[in-house]
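J.: Here are the chains, one letter per residue:
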Amino acid sequence: MNDTNRALNRVFIFLVGLILLIVGAAAGALLFWPWWATQWEEVGKTVETTVTDALKATPLQGADYSWWFLVALAALVVLVVVMIVILARLGGGGSREIYRKPISEKDGSSDRLLLDTSFAAEALKHSLDKRTDLVSSTVGAFTVKRQPVLHVGVTPRQGVSPRLISQETDILVANLAQVVGDAPATCLTIHSGLRAKLGRDQRVR
Amino acid sequence: MTAPYARIVRRETHSPRTTTTIVLAVLIILACAYAGTELVLHMLGQPPLLVAPEAAVTWLATLPTLQPLSAISAGGIVLAVIGLLLMLHAVRSGRLARHQMVHDGGAVIVDNGVLASSIARRVALVARVPQGQAVVSVSHRRAVVDVTPTSGIPVDESSIQSAVDEELAAYDLRPPVRSTVRIRSTGAVGS
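Respectively, the protein sequence lines represent chains V and B. Going by numbering that gives the first Met the number 0, the first sequence opens with residue 0, and the numbers climb by one from there. Going by numbering that gives the first Met the number 0, the second sequence opens with residue 0, and the numbers climb by one from there.
One should not assume that every hint holds.
[Said to hold, decoys possible] Some chain B residues close to chain V (C-beta under 8 Å, calculated; not the full set):
1. P3
2. V77
3. L85
4. M86
5. A89
6. S117
7. I182
8. R183
9. G186
Hint data in this document are derived by calculation from the structure and do not stem from the laboratory. Quick reminder that beta carbons are idealized off the backbone N, C-alpha and C, glycines included.
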């Protein structure tokens, strides 16, 4: 539940796949398509001479290599920077606060209430840890469409009804709401964890 | 102020394709680093690590005349297949093995494994068989319940079916899941 730009991920994967497909198909067709192979050879010869001539014709002052190498190096650096930008865009979207709102208008206070994520997380996790039907739990908050959403992730023990878990978690969130006055938007994810999978109890209880 | 639950559910039940993106970006960065190293080595007049830039151009230009051509073609085909798989990976929905549970208080997302183990527990209780003899697998639209009766003790298929349906109705999943109950004809030796 983070802010990863999924469309960008997919466009990027698609483009890389497309380039691989084109290059691979071009090389793969050499054996089966003689016309294509001779075309490649002819064009290859001209390209090769053009490149060698261009490299000879463009020497860098005071060095024995062409400045085209610097251009190529710069292109590589640009490509690396683009990749780093793509990687840096992944994730994010965590919210440090659950919500912000005026404290009860009745007392005329102008202070605003800010429910910090860590406070809600501590409070909820404390209650969740006491539950014997859960193996583990995580609490966090994310911003979805500029709105903070409380995220509760739990891993129940084998065979526990998810409906029961969602009802009990509701009670906990309602308790939190009673403390702070308003129920935050919540998202509950119930996971089948590794321990729940491995710790299979065969006995009838 | 209504919470953007539709978006949350959509994001929680579909893959973000992050792993593939990271792997591809890192591979491209490594390839660029290698090519850059070769360029710099060439510019400094040092011997290349593997192949000098000009030799690489020559190799590419004379690719059809190199031997064995079948190996080059095979490599190309492998590359093309990888590319095709990546394109499919980008286009396919990437649905995760999860369901939305309709719930008043917010968005609830449940792993299929949790649903299966919960149904299995209920079935084992109703059929009065040890837990390992009720096996449930939940997929996108189906829950398949396999019950192996203990040898000599018959099980009531209709009560199992109604128990499963009752569980599924209680979960109220999106997309809805239909159930199939199968009773094995060969029983397990009593445990």
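J.: None of the hints should be skipped; say for each whether it holds.
T.: So, going through the hints one by one against the coordinates:
1. Taking 8 Å as the C-beta contact cut-off toward chain V, the hint placing P3 of chain B at the interface holds, the least distance being around 4 Å.
2. Here the hint on V77 of chain B is kept, as its CB sits about 7 Å from the closest CB of chain V, short of 8 Å.
3. This hint holds: L85 of chain B has a C-beta 3 Å from the nearest C-beta of chain V, less than the 8 Å allowed.
4. Taken as an interface hint, M86 of chain B checks out: its beta carbon lies about 4 Å from the nearest beta carbon of chain V, inside 8 Å.
5. The restraint placing A89 of chain B at the interface with chain V holds, with a minimum CB-CB distance near 4 Å, inside the 8 Å limit.
6. For S117 of chain B, the suggested interface contact is upheld, since its CB lies about 5 Å from the closest CB of chain V, less than 8 Å.
7. Taking 8 Å as the C-beta cut-off, the interface hint given for I182 of chain B is violated, the closest approach to chain V being about 18 Å.
8. Here the hint on R183 of chain B is broken, as its CB sits about 17 Å from the closest CB of chain V, past 8 Å.
9. Interface restraint check for G186 of chain B: the shortest CB-CB distance to chain V comes to about 16 Å, outside 8 Å, so the restraint is violated.
Violated hints, in rising order: 7, 8, 9; the structure is consistent with all others.
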